[in-house]
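Q: The primary structure of each chain is shown beneath.
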Amino acid sequence: MATLAPGVKTGSYHAVLDHIHPEPTSFIRKYIFSIDHKVIGIQYMITGGLFFLIAGLLAEIIRVQLLSPQNTFVTAATYNQVYSMHGSAMVWMVIIPLVTGAFGNFVMPLQIGARDVAFPWLNLAAFWMFPVAGVILFSSFLIGAPDAGWTEYPPISLQGPPGTTMWCIAIFLIGISSTLTGINFIVTIVKMRAPGMTFTRMPLFVWAQLATAGLSFIATTALAGALLALFLERTFGVPFYDPKHGGSPLLWQHMFWFYSHPAVYIMILPAFGIVSEVLPTFSRKPIFGYKMIAFSSVAIALLGFSVWAHHMFTSGMVPWLQLPFMILTMVIAVPTGIKIFSWMATLWGGSIRWTTPMLFATGFLITFTCGGLTGFFLAAVPADYHEHGTYFVVAHFHYVLYGGSVMGLFAGIYYWWPKMTGRMYDERLGQIHFWITFLAFNGTFMPMHWLGLMGMPRRVPYYDPAYQFWNQFASVSSFVLAASMLLFLYNLFTSFRSGKIAGPNPWGARTLEWMIASPPPYYNYKKIPAVLATPYDFGNPLPYIGLDAAPGATEATPTMSSHPVPAY
Amino acid sequence: MAVSIAKQGYNLGHGEHGDHEHELVIYQETRDMRLLGFVLFLGSDVVLFSAFIFAYIYLRTTVSPTWPPILDGHQLPRLDTAFAAVNSVVLFGSGVTMHYALENWKHGNRPRYNLFMLLTILLGAGFLGGQAYEYAHAQIGGWSGSIFGASFFTLTGMHGFHVFVGVVYLIVLWLQTQRNVYDQERYFGLTAGTLYWHFVDVIWVALFFLFYLW
Ligand code: HEM
Ligand SMILES: [Cu+2]
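Chains U and L are the protein sequences, given in the same order. Start counting the first sequence at 1; every next residue gets the next number (full-length UniProt numbering). Start counting the second sequence at 1; every next residue gets the next number (full-length UniProt numbering).
No wet-lab data here; the hints were simulated from the structure. A portion of the hints provided could be inaccurate.
What the hints assert, rightly or not - Here are the simulated SDA-like cross-link-like pairs (lysine to any residue), alpha carbons at most 25 Å apart as the crow flies: (1) U:Lys291 x U:Lys244; (2) U:Lys526 x L:Met33; (3) U:Lys526 x L:Tyr27; (4) U:Lys526 x L:Gly142; (5) U:Lys244 x L:Leu24; (6) U:Lys526 x L:Asp32; (7) U:Lys526 x U:Gly508; (8) U:Lys244 x L:Thr66; (9) U:Lys526 x L:Val168; (10) L:Lys106 x L:Thr30; (11) U:Lys244 x U:Val318; (12) U:Lys527 x U:Phe199; (13) U:Lys244 x L:Glu29; (14) U:Lys526 x L:Leu24; (15) U:Lys244 x L:Trp67; (16) U:Lys244 x L:Phe211; (17) U:Lys244 x L:Gly141; (18) U:Lys527 x L:Glu29; (19) U:Lys291 x U:Ser342; (20) L:Lys106 x L:Val168; (21) U:Lys527 x L:Val25; (22) U:Lys244 x L:Ile70; (23) U:Lys30 x U:Tyr522; (24) U:Lys500 x U:Glu427; (25) U:Lys527 x L:Thr30; (26) U:Lys526 x L:Val25; (27) U:Lys244 x L:Gly142; (28) U:Lys244 x L:Gly157.
Given these sequences and hints, build the entire structure.
A: Take a look at the structure:
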């Protein structure tokens, strides 16, 4: 047995790591019902991408309707269905599956030096629940889609169209899927790290996935309970939520937000992880405060369970609970702030390359911080009494979800695209895409702050003419935002067809996935490498030994470490 | 120094062990992973039950002025605690026999393993029968009559469903052991089955307290 350098702790799971199944040969087993985490990651990406287009289209219907105060583009009833489905789809069928299912699956096992996730077949099953759930959700339009908002508060949702029951089933299904994925990821990260990869040597993206997996396997089941009760009440009249029969609508709010507040961290933590990979790579600097960033992810995940009632300040909850929930909410800002300062310190004095992923990561920093600040206003109880249920809330969560999660996703797609496809995208088009996105995004959602403070309620198809100007401004910006997607897709498409060959490590990054061929071969590593240090010490030799490069990646050996970064 | 380490690389002792030994190492490592996965799965199941337990406590303490609640002008009666206590003893007894089933398997005592396993299955089925009897006789206005019935039938129903799945699971395990799927070194299925069965017991402790003693 080979001896390792002092300081390398060998994990005990070598035999599993060394176990290689033969590569499937039939098309179906290879690309449709694959158990390869990389293929499954890409399947999530394509499916989630399709759902993103649908949910985005629904958003544009909202914005067309709001072009004028008394628009008749859609009826009020349809409008209710459209925004409810837009929100539901964006949260459960787009962001969550993309940040965990797509990126977690593709990147995480590579980064910890594993050949696959712990339970590949479970992974396959969890993936296929996702398109099925999506189809169930969207086909509810055929029988009357849910119309009580993505939160489906009873008693309105109890009286909602038949599609509301399909909504319950679809969200329940995607919930099982994400619980299984969470369990799978936890076991993978805890048990299958390459020898020498201690917890403090894990890439920050892996830390983020670990915290996220912990959140989703606990919180999601609570949501499943709430959904089950809603389903039982709608179908069998079991009175959990209906005050007329002794139930309580507030019970739903408690159970729903006990899940859905942590869910916003499920949506954002992986984006934090992506940004933590992109920023040091393009600043050519060790990340500032590695441990602080890693542990603050865990702190955010834990604290995330204690703040749900900040969504219920105006719901008639007992008043003495308001103060603790307000304070707890503001406490979460501390670990989040630690991250933001660490990222800025990473940029400080770095030799920055403004590639597209870097632009998106920086854009993320700016817009997410804005969203976090408006969150502070909503957490303050007296202010929330004014802002609750207005467009201020819509502005806030789009700054966090679009400016945070989606920008993070774009950064991740551009960053790992060469790894996934083996080809480079067009850098100029990517940068144009970023600038349009950034400007149009702010054009769309910034005015919603003013509208909200002026008093425009959310979820209304008609409004006071006093709000017209900013609504039109937002709508037109949103059309530009939507159009920029075409540019993005065109870029990816041409790159996939005829992009420049990327090579194993076009960015000169230092995490493990860049040490093997692009796209990575089946089962990733011919020989599992051993890890000697964290992956962010730019300027030092690579922290891996024993990397018997997989076929086609012969140049990605440890001796490459001191090579200058190739031009992209 | 660095170069020589890099050249050596890291490889596992394939061929250094005998085939059987190597297989056993793989088994132990996958077993550890599956065990962690299974425990996490049970953990998320605990959250599902907790959600409904929270709902029950919440409804009972904040919504209902009296407990048992009033339905159509009548105060509903309490549940039959004595009957449920007997039924609980049946369930907890099955936990004990399951424990001995696994122990006897580990020590290679097949006849006693068979005995305890079949006893567990019988006791589990007996508990389900008792629950069915209770459902037929509970005078609390049915599933959709009040929040009492709603939380009682949903929670104990979910638990009963888990017991049912457990009984089927144990039958499958027993059949597998008859067909020698497991041996004395490799019996993860039995470990998981035992864990699951104890989990069902523990949940029942909470439900018994909440519905019959509180
Ligand atoms: C083109 C981009 C987008 C536009 C123009 C847009 C527009 C809107 C508008 C105008 C509303 C308010 C509906 C109302 O309350 O009356 C809304 C609601 C919502 N949006 Fe978006 N959105 C976009 C992208 C996203 C993304 C990426 C997410 C990510 C999760 C998202 C999540 C939500 C949610 C959760 C709601 C709440 C729905 C509800 O009230 O039930 N949106 N969106
Ligand atoms: Cu929240």
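Q: Please go over all the hints and tell whether each is borne out by the structure.
A: Here is how each hint holds up against the structure:
1. Restraint check for Lys291 (chain U) and Lys244 (chain U): the C-alpha separation of about 52 Å exceeds 25 Å, so the hint is violated.
2. Our distance criterion of 25 Å between C-alpha atoms is met by Lys526 (chain U) and Met33 (chain L), whose separation comes to about 22 Å.
3. Only pairs whose Cα atoms come within 25 Å are accepted, and Lys526 (chain U) paired with Tyr27 (chain L) is accepted, the gap being roughly 21 Å.
4. Straight-line distance between C-alpha atoms of Lys526 (chain U) and Gly142 (chain L) comes to about 62 Å, which puts the hinted pair past the 25 Å bound.
5. Taking the CA atoms of Lys244 (chain U) and Leu24 (chain L), the gap is about 61 Å. The hint is violated against a cut of 25 Å.
6. In summary, the hint linking Lys526 (chain U) to Asp32 (chain L) is supported, as the alpha carbons are separated by about 24 Å, within the 25 Å threshold.
7. Distance restraint check for Lys526 (chain U) and Gly508 (chain U): the Cα-Cα separation of roughly 22 Å lies within the 25 Å cut-off, and the hinted pair is therefore satisfied.
8. A C-alpha spacing of about 16 Å is found between Lys244 (chain U) and Thr66 (chain L), which places the hinted pair at or below 25 Å, so the restraint holds.
9. For a cut-off of 25 Å, the pair hint linking Lys526 (chain U) to Val168 (chain L) is broken: about 42 Å separates their Cα positions.
10. Proposed proximity of Lys106 (chain L) and Thr30 (chain L) is supported: the alpha carbons are some 19 Å apart, at most 25 Å.
11. Between Lys244 (chain U) and Val318 (chain U), the direct Cα distance comes to roughly 21 Å. Compliance with the 25 Å bound is thereby established for this hinted pair.
12. Straight-line distance between C-alpha atoms of Lys527 (chain U) and Phe199 (chain U) comes to about 21 Å, which keeps the hinted pair within the 25 Å bound.
13. At roughly 55 Å between alpha-carbon atoms, Lys244 (chain U) and Glu29 (chain L) are farther apart than 25 Å, so this suggested pair is violated.
14. Distance restraint check for Lys526 (chain U) and Leu24 (chain L): the Cα-Cα separation of roughly 22 Å lies within the 25 Å cut-off, and the hinted pair is therefore satisfied.
15. Straight-line distance between C-alpha atoms of Lys244 (chain U) and Trp67 (chain L) comes to about 18 Å, which keeps the hinted pair within the 25 Å bound.
16. With a C-alpha separation of about 23 Å, the suggested pairing of Lys244 (chain U) with Phe211 (chain L) holds against the 25 Å cut-off.
17. For the given pair, Lys244 (chain U) sits about 16 Å from Gly141 (chain L) by alpha-carbon distance, which is consistent with the 25 Å threshold.
18. Between Lys527 (chain U) and Glu29 (chain L) the alpha-carbon distance is near 18 Å, which keeps this suggested pair within the 25 Å criterion.
19. Note on Lys291 (chain U) and Ser342 (chain U): the hinted pairing holds, with a Cα-Cα distance of about 10 Å set against a maximum of 25 Å.
20. Simply put, Lys106 (chain L) and Val168 (chain L) have alpha-carbon atoms about 22 Å apart, close enough for the 25 Å limit, and the pair holds.
21. The hinted pair formed by Lys527 (chain U) and Val25 (chain L) meets the criterion: a straight-line CA distance of about 18 Å does not exceed 25 Å.
22. At roughly 13 Å between alpha-carbon atoms, Lys244 (chain U) and Ile70 (chain L) fall within 25 Å of each other, so this suggested pair holds.
23. Taken as a hint, the Lys30 (chain U) and Tyr522 (chain U) pair is honoured in the structure, with Cα atoms around 10 Å apart against an allowance of 25 Å.
24. A C-alpha spacing of about 11 Å is found between Lys500 (chain U) and Glu427 (chain U), which places the hinted pair at or below 25 Å, so the restraint holds.
25. Only pairs whose Cα atoms come within 25 Å are accepted, and Lys527 (chain U) paired with Thr30 (chain L) is accepted, the gap being roughly 19 Å.
26. For the proposed pair Lys526 (chain U) and Val25 (chain L), the alpha carbon gap of about 20 Å is at most 25 Å, so the pair holds.
27. For the proposed pair Lys244 (chain U) and Gly142 (chain L), the alpha carbon gap of about 17 Å is at most 25 Å, so the pair holds.
28. At roughly 24 Å between alpha-carbon atoms, Lys244 (chain U) and Gly157 (chain L) fall within 25 Å of each other, so this suggested pair holds.
The structure fails to meet hints 1, 4, 5, 9 and 13 from the earlier list, while all remaining hints are met.
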